[in-house]
Structure formats: C-alpha cells, structure tokens
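Participant: With chain A fixed as given, assemble chain B onto it according to the hints.
2 protein chains.
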Amino acid sequence: MLRLFPLLLPLLLCTCGPAQENTPTAPRTGPPNVVIIYMDDMGFGDLSSYGHPNIQTPNVDRLAREGQRWTSFYTASSVCSPSRGALLTGRYPIRIGLAGPQKRVFFPDSKGGLPTEEITIAEMLQSEGYATACIGKWHLGHLPEYLPTRQGFDYYFGIPYSNDMDGIKWGLDYLLGPMDTSLWKVPLLENETEIQRPANQFTITKRYTEKAVEFITGQRDSPFFLYLPHSMVHTPLFASEAFQGKSPRGRFGDAMAEVDWSVGEITKALEELGLAENTLIIFSSDNGPWLSMREHGGSAGLLKDGKGTTWEGGMRVPGIFYQPGSVAPGTITDMGSTLDLLPTLAAWTGAQAPTDRILDGFDLSAVLRERAPSPRDHMLFYRKDELFAARRGDYKAHFITATCYRPDNMREVHATPLLYHLHHDPSEVYDKAVEHPEVLAEIQEMVDNHSRTVVRVEAEMDRR
Amino acid sequence: MLRLFPLLLPLLLCTCGPAQENTPTAPRTGPPNVVIIYMDDMGFGDLSSYGHPNIQTPNVDRLAREGQRWTSFYTASSVCSPSRGALLTGRYPIRIGLAGPQKRVFFPDSKGGLPTEEITIAEMLQSEGYATACIGKWHLGHLPEYLPTRQGFDYYFGIPYSNDMDGIKWGLDYLLGPMDTSLWKVPLLENETEIQRPANQFTITKRYTEKAVEFITGQRDSPFFLYLPHSMVHTPLFASEAFQGKSPRGRFGDAMAEVDWSVGEITKALEELGLAENTLIIFSSDNGPWLSMREHGGSAGLLKDGKGTTWEGGMRVPGIFYQPGSVAPGTITDMGSTLDLLPTLAAWTGAQAPTDRILDGFDLSAVLRERAPSPRDHMLFYRKDELFAARRGDYKAHFITATCYRPDNMREVHATPLLYHLHHDPSEVYDKAVEHPEVLAEIQEMVDNHSRTVVRVEAEMDRR
Numbered sequence: 004m005l006r007l008f009p010l011l012l013p014l015l016l017c018t019c020g021p022a023q024e025n026t027p028t029a030p031r032t033g034p035p036n037v038v039i040i041y042m043d044d045m046g047f048g049d050l051s052s053y054g055h056p057n058i059q060t061p062n063v064d065r066l067a068r069e070g071q072r073w074t075s076f077y078t079a080s081s082v083c084s085p086s087r088g089a090l091l092t093g094r095y096p097i098r099i100g101l102a103g104p105q106k107r108v109f110f111p112d113s114k115g116g117l118p119t120e121e122i123t124i125a126e127m128l129q130s131e132g133y134a135t136a137c138i139g140k141w142h143l144g145h146l147p148e149y150l151p152t153r154q155g156f157d158y159y160f161g162i163p164y165s166n167d168m169d170g171i172k173w174g175l176d177y178l179l180g181p182m183d184t185s186l187w188k189v190p191l192l193e194n195e196t197e198i199q200r201p202a203n204q205f206t207i208t209k210r211y212t213e214k215a216v217e218f219i220t221g222q223r224d225s226p227f228f229l230y231l232p233h234s235m236v237h238t239p240l241f242a243s244e245a246f247q248g249k250s251p252r253g254r255f256g257d258a259m260a261e262v263d264w265s266v267g268e269i270t271k272a273l274e275e276l277g278l279a280e281n282t283l284i285i286f287s288s289d290n291g292p293w294l295s296m297r298e299h300g301g302s303a304g305l306l307k308d309g310k311g312t313t314w315e316g317g318m319r320v321p322g323i324f325y326q327p328g329s330v331a332p333g334t335i336t337d338m339g340s341t342l343d344l345l346p347t348l349a350a351w352t353g354a355q356a357p358t359d360r361i362l363d364g365f366d367l368s369a370v371l372r373e374r375a376p377s378p379r380d381h382m383l384f385y386r387k388d389e390l391f392a393a394r395r396g397d398y399k400a401h402f403i404t405a406t407c408y409r410p411d412n413m414r415e416v417h418a419t420p421l422l423y424h425l426h427h428d429p430s431e432v433y434d435k436a437v438e439h440p441e442v443l444a445e446i447q448e449m450v451d452n453h454s455r456t457v458v459r460v461e462a463e464m465d466r467r
Numbered sequence: 004m005l006r007l008f009p010l011l012l013p014l015l016l017c018t019c020g021p022a023q024e025n026t027p028t029a030p031r032t033g034p035p036n037v038v039i040i041y042m043d044d045m046g047f048g049d050l051s052s053y054g055h056p057n058i059q060t061p062n063v064d065r066l067a068r069e070g071q072r073w074t075s076f077y078t079a080s081s082v083c084s085p086s087r088g089a090l091l092t093g094r095y096p097i098r099i100g101l102a103g104p105q106k107r108v109f110f111p112d113s114k115g116g117l118p119t120e121e122i123t124i125a126e127m128l129q130s131e132g133y134a135t136a137c138i139g140k141w142h143l144g145h146l147p148e149y150l151p152t153r154q155g156f157d158y159y160f161g162i163p164y165s166n167d168m169d170g171i172k173w174g175l176d177y178l179l180g181p182m183d184t185s186l187w188k189v190p191l192l193e194n195e196t197e198i199q200r201p202a203n204q205f206t207i208t209k210r211y212t213e214k215a216v217e218f219i220t221g222q223r224d225s226p227f228f229l230y231l232p233h234s235m236v237h238t239p240l241f242a243s244e245a246f247q248g249k250s251p252r253g254r255f256g257d258a259m260a261e262v263d264w265s266v267g268e269i270t271k272a273l274e275e276l277g278l279a280e281n282t283l284i285i286f287s288s289d290n291g292p293w294l295s296m297r298e299h300g301g302s303a304g305l306l307k308d309g310k311g312t313t314w315e316g317g318m319r320v321p322g323i324f325y326q327p328g329s330v331a332p333g334t335i336t337d338m339g340s341t342l343d344l345l346p347t348l349a350a351w352t353g354a355q356a357p358t359d360r361i362l363d364g365f366d367l368s369a370v371l372r373e374r375a376p377s378p379r380d381h382m383l384f385y386r387k388d389e390l391f392a393a394r395r396g397d398y399k400a401h402f403i404t405a406t407c408y409r410p411d412n413m414r415e416v417h418a419t420p421l422l423y424h425l426h427h428d429p430s431e432v433y434d435k436a437v438e439h440p441e442v443l444a445e446i447q448e449m450v451d452n453h454s455r456t457v458v459r460v461e462a463e464m465d466r467r
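Residue numbers (the working numbering), protein chains in the order written: chain A, 4 to 467; chain B, 4 to 467.
For reference, chain A alone in the conformation it holds in the complex (with noise of 0.2 Å):
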C-alpha cells in the first residue's frame, strides 16, 4: 500500500488527530465515505434499472432499488471535460473557463485545464482530512500542473484525456473496427508518471477496479473520497476477456457488464470492509449516448437526441445514490444536477463548501435523507459558451438547438423559443409556445438574471 500511495500516509496520520476536530456533528461513527462513479457516453437509457430491454446490471440495478434512482438528473454539459469540471467544482463550465466559442473538450495538444484556483470536490474533502484518489479517465487538462494531483486527489491512476484520441487517424473504420489498444496512443497515468502508453484498453476497466478496491481496503480505518470515471463506454469500446462476446447488446453491452462487474466488486469491497453503511455511493454519467457511433453508441430511452446536444437525451442522465441506513430508497422525479454533488458532500460529510464564489448547486441532502422536495427548481443548457436552453419547473424552452444526427448539426435558432412541458412530454415533441407566453417569459427572467452572475473567461480548451 505505501509504494502505492505514498502521499497518504500524512493523512493516514493525520485523521487520527486533529482533522477529526473538522467534522464535529459528523451524525454517524464517522464522516461518510464518498464514492462517485461516473460512466463516459451512458444514456438515460442504457441501464435495466432505466428500461433497456437487453443490457443487464444487476450490481447498478441494485443500488437504484436499494437506494435513490433520480429520473430528472442532469450534467452540466453534454460534452466530458465541461460536464466533468462542472462536477468537480459545483459551478458552471461558462464560470470556469470550460466553455469557449472553438474547442468543446480538451485535446493531447490542449495547453490549458480546470484552472487551479477553482475548489474541486477532492479539495474541499482532503482539507475535512479525508484520503482522495481519482482512478480512471480525467479530462480536465493533461499537463502536470492539471493533473488530479494538483487538483485535490492524493492518488491518480487513469488515462488524461479520452480513449478516442491520440489516435493514428479517426474514423468511424477504426472506431467501430476490430478491438485493437494500439490504435489510440493515449497513455495510462499513475499520479504524474506515465507507466504505459499506449494504455492497454482490453483490461482498463478491470485494473481501475482492482486500484479503486486496493485504495478502498487501505482506508478502511479513515474517511476517504473516491471519484472514479470509467474510460467506458465511450467509444472505442473495449472489455477484458471475461467479458468479451456475452452480452446480447454487442460491444456496447459487453463493456456495461464491465462496468457492471466493477460496480459489484466495490460494493462487495465495502460490504467485507463494513464500510457499507458509511459510505454514500454515487453513479451517474458525464453526458448522454454518442449516436453518431451507431450500435457502439448508447442509448437516451424515450428521451430526444444524445451528446453534444442540448436536447433531454443530452444532458439528462441516470443519477443514483446508495448508503444503506441513511439514503431513502425511492425513484426521485424531482429535478437534481452533478453540479449539486459539491454542496450535496458538503452536507453529507460536514465538510465547509467555498463561500468566495457562486456555486450553481443545491444541497440535496435532504432529499437524500427523507426523500424531501428537491432545492433545485431549474436548470440552464449550455453548449459551448451558449446558453442554448433552460428548464424552469415543468416547462423547458430551447433557445437555439443543434442535432448530432447531422454532421452541420443543423443549428437553429429560434425567435420563438420551442416550449415542452417535460413531465407531460418527455420526449420534447409537443411544443407549447403559443400557448404558454408567460411560461416564456418567466424562463426569459430567469436567463437574464442567470447571464448577469456571469464572468466570462477565456476558455482553456481554446488557449494556444
């Protein structure tokens, strides 16, 4: 363990001193274990829990019955590195400087990253005294002084950006081709050492699970945050031997069972430990179903469109969350973000969330806790450094909108905005402008007020 995780052992030391005196009104033996475990390009629809017909999660499934399956959960963007710092920080992508008028994502040749002086969720716990390891793919900037490790997380162990890319060509030939790790050139970190390039993708899933459970076991005895963002699903689909061939749903299938698999090995880790019920676990996804990878792309359900859209199917996304004794199982229709985990942890463990700056969260415990109305009463759409569309109550009106069917995207924008009534129309086809200008305007109130809180910085996925 320590050749492992040698910038623990401070911590280690530490938490049985006085970073105990942080969390006084921790209401349980101790401030609870945070696991976060966030899929890449899952839909709304990819889970049995969320109703496909053949993919099959029981460990998943579980966690959504035994606790909280939230069905009006969004990310802060349809796209990883934004939806990722948006998670991290409770705010914004526009007010982090991840939301610029050129590149969408992160890049090998980006020269930016989540500006450090933003507070992560791993900052805010490792100063409580919890051990913080992030384990799986980072996308929020790949040079050293981006890293997790400068970003609040003791441990890293993952690939820096995305699995598509440092490829030696892109294209849908390659993407959906053969399963060969050779063709992506993207490397596998651990803290800031590069061990292996390209990172053998075959057995990525598995080895983030093995990291994920060995940095659980060695924490036993002290309050810990693991964040741990699978590479999968996102296209190049890849899965270890075990899983090769045996789901019904093909590739896309057989690397959920991975995932699957994974989350099952945690779960069981937690449950051996005793940690269980000391222990919130979390499950979303950064962003909706990659569509334009046909059958090795996912699926939204019922729900319009997928990533890189503004659309339901974009943005709304399974959101679980299982700590056995503390969260009241129940399907939550009440609206909730990942923008809302920075203040929900903040509650949940005690711990202080940044004062200095707007946070686009809510706190959620309560929710969590007794199944109370939910904080959150809207949500704002962004693509790139455009407020494309924002939810208020029911009702959801788009401002512009853009496909990913389409290679154009077919960007529209519209004088009237389109109008749905999301819990009577979830699939956003009956559009109520006309009927409904109040509504319209309530929602125009609301953006403005919104657009006046923001700052706007260069994006650094746009920096040279």
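Possibly wrong hints are sitting among the right ones.
The list cannot tell twin chains apart, which means a pair is met if one copy fits it or any two copies do.
Cross-link-like lysine-lysine pairs, in silico, DSS-like; alpha carbons within 30 Å at most [to be verified]:
1. K172 - K387
2. K435 - K249
3. K435 - K172
4. K249 - K387
5. K249 - K307
6. K435 - K307
7. K188 - K114
8. K271 - K387
9. K271 - K209
It is worth saying that the hints were derived from the structure and are not from the lab.
Facilitator: Then chain B, alone, in the frame of chain A:
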C-alpha cells in the same frame, strides 16, 4: 354473489365433484388460478419498471421485480381487436377472421366478431372446471352471439368496444378535451344486458376492480380464470376523482396510476384469500402507444414508432408473469408473445389445448418455472391482411413499413427488405440488409413456410 354470478352456480357445484377428475396431475394443492390483466394502448416504456421517468407504477413493478419481466414480448397485432383475438386463441389474426383488407378493428356498426368455432383460453379452462370471467373491454364483436358469454366466459362486465367509439363526433378536440363521459355513447354491459349508456368512464377502472375482487372472492374455493382487459389507457383518458390531477405525467399518468392501484387491489385480495401462491398473474398490453394522441398517448421508450405499425414500438409491449414460488424471478430477454398464453396456460393448469387446428403459440412454462431458454424463435408482424415484417432470432426484416405519425401512414414497400439486429439496435435504425443477404434469405424461407399454412377467410370486421 348469486345475483351477480348466476351462471357460476352450476360450476361451483360441479367443481366439488367430477370436474376434479379433469385435473388429476395438478402439481400443487389444486389447479392454479389465472389472472390476465391486459392494458389498452400502454406502450413498452410506460411503466416505471420499464424505464418511464415519471409514471409511478409500484404495484405492477412489484410483480415485475418478484416475477418475470419480459423485454421482447410481442402482441400479435398493433391494434385492438386482432390483438385480443390472438391472445384468447393462440392464433394469428389472419387465421381467425380478424385480418382483412379494409377495417382493422370492430366498430359499433360491425356485423361480425371472433368466430365462435375458435377456442378461447376461457373455453379451454371452462371445460376443466374453471369459473371464468371477462371484466373490461371486449372488442371482439358486440352483437349478442359474439359476447364473452358466448366465448367461454361465465360472467362479463364491461364495454363491448373501444371507449372512443359511439362518439358524438371524432376528433382531437373531443378526445383530448375536458373529461366528459357523455361524449361517447359506449354501453356498459353485465353479461348480455346493457346496464348503463353511456358508460360512466370516470369510474370504469374502479368498477372493473370492484367486480374483479368480487369475482375472485366468490371463487376462493375453486379454480378461476379472470381476464381483465382495462379500457384505459386508451384515449379519451379518464380517472376517478381520487386519481385526477395527481400524476406529473398528466391525464395519462393519472389513468396509469389508477390501473396500478387496481393491480394492487387484486394482488392484495389474492393475498388476503391465501390464493397468491396458487395464482398466475399475467400483465401486458394490447399494442404500443397511440402516438397521434400527443401527450394523451403513451411511450414506446427506446422503441420505434407505436400503435398501428409493425415497428417494434407498435407490437413489443411489457410482459410480466408473477406467481410467488412458481415463477422464477428475473428479466427475460428471449422472445415471447401473447400468442403463447394459451399453450402456456394449458401446460400450467393441466388443461388440453386444441389439437384440431394450427396454434401459433409456444409453451413458455419452462421459462416461467426455471428460466429455460424460450422456445419462441420467431415472430410475424401483420398489418391488416398483409405480412409487413418478420423476426427470426436476433434479426427482423421489414417487407413493408408504415408509420403512425402521418395521416397517410407513409406506406412503403421495400424491394430489398430493411433488416435490423434487434439486440444490437433495438431502435431499428441501422439497416443490415446489404451485409446479411443470407439472413434475409432465411427469413424469407420462414415466411414462405408460414404463408403456405394460412387459409384466408373473410375478415369479420369487413362483413356487411
């Protein structure tokens, strides 16, 4: 009870005596009771257990969770009358006079009905000493000679055709307008007597439920078959006062909630009578969602199109089987169909299925009992008297397609059939015909073999 079920008296008496001789091999304390709950126009995606984000169906979901939840379960038609005839007889509508070139369903001026020489599940079980009741929407001929009481049911309570028929007008204004039960002059029958016209649709789900519980209670000591085809959630949507305005999904959700309550009442009655472990409950729907009814129609989830079409959304529906201790719980992704209910119930109860005619159903009892592979390896998709599509194994070929989105149905004959891999591509998006001509050839051969067995008869709904 005697006032309500006078026809049952002889059966009640005879089940104590010689009728027992008909079920000498009953594996449990007596032949199992059977309850079939059949929804109207409920889509694949309309239950929470099949992924709907805001319709809550806890009672149905419990059956799905503690029983079997089938995810490739098909009706034999995408519209009411032929779907119901096929369920009751185990035969494709084309064989039983329910598929002609003109009308697709029965109307208030129809002269025909399900031919009485067909053998229904009710007749099969009645001859084994079962008490039988049909409570709900019939839609297989409203003239006395075609009513449930002439088709093997000791008792009938319900409406003889759809709840949108006999209207003062027909149009979206009425169908989607304020709830007014006087707009449709649909009669309510008890046995063969009209007891109310127009039927009060506000309370219809409630009254079906009361009658169903009354029937079950009266039959506690002898085997029974209850066929409960709800009028809901066919447009126009109604709910009784306790359910109005309660669901976030609007009127569709209110009607769904009342049916779910009904399922709970029936389950509870069976439990209180000690019959739960000796009663097989089957829950399904007659066809996919009526999409042209806008927010008043349901959802096929990730499946394509809806009611009236041979796309998956038109004919793949939820299929749930529940009998604690006898049905092995789990999700079944293999194929099944309402066509299979008659042979399955024959095996399940020890009854004798007809041997003098072609049956299109398979015996699913081994799947139910021990999750064996399903014997069903194909499914045929007719629209009226034309075979539009056929599935064999993973692949489905479309020879002709139509949609329900456009008034002209956009009928299209495909010189090269469309071919979809339904497990990899459940939404039927990526045509594989060019890649797999051998699959098309196999499906064509299967279709030819089937077609040779079909003796075309005049459609009952086209009779003048």
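Participant: What are the numbers of the hints that this structure violates, sorted from low to high?
Facilitator: 4 and 8
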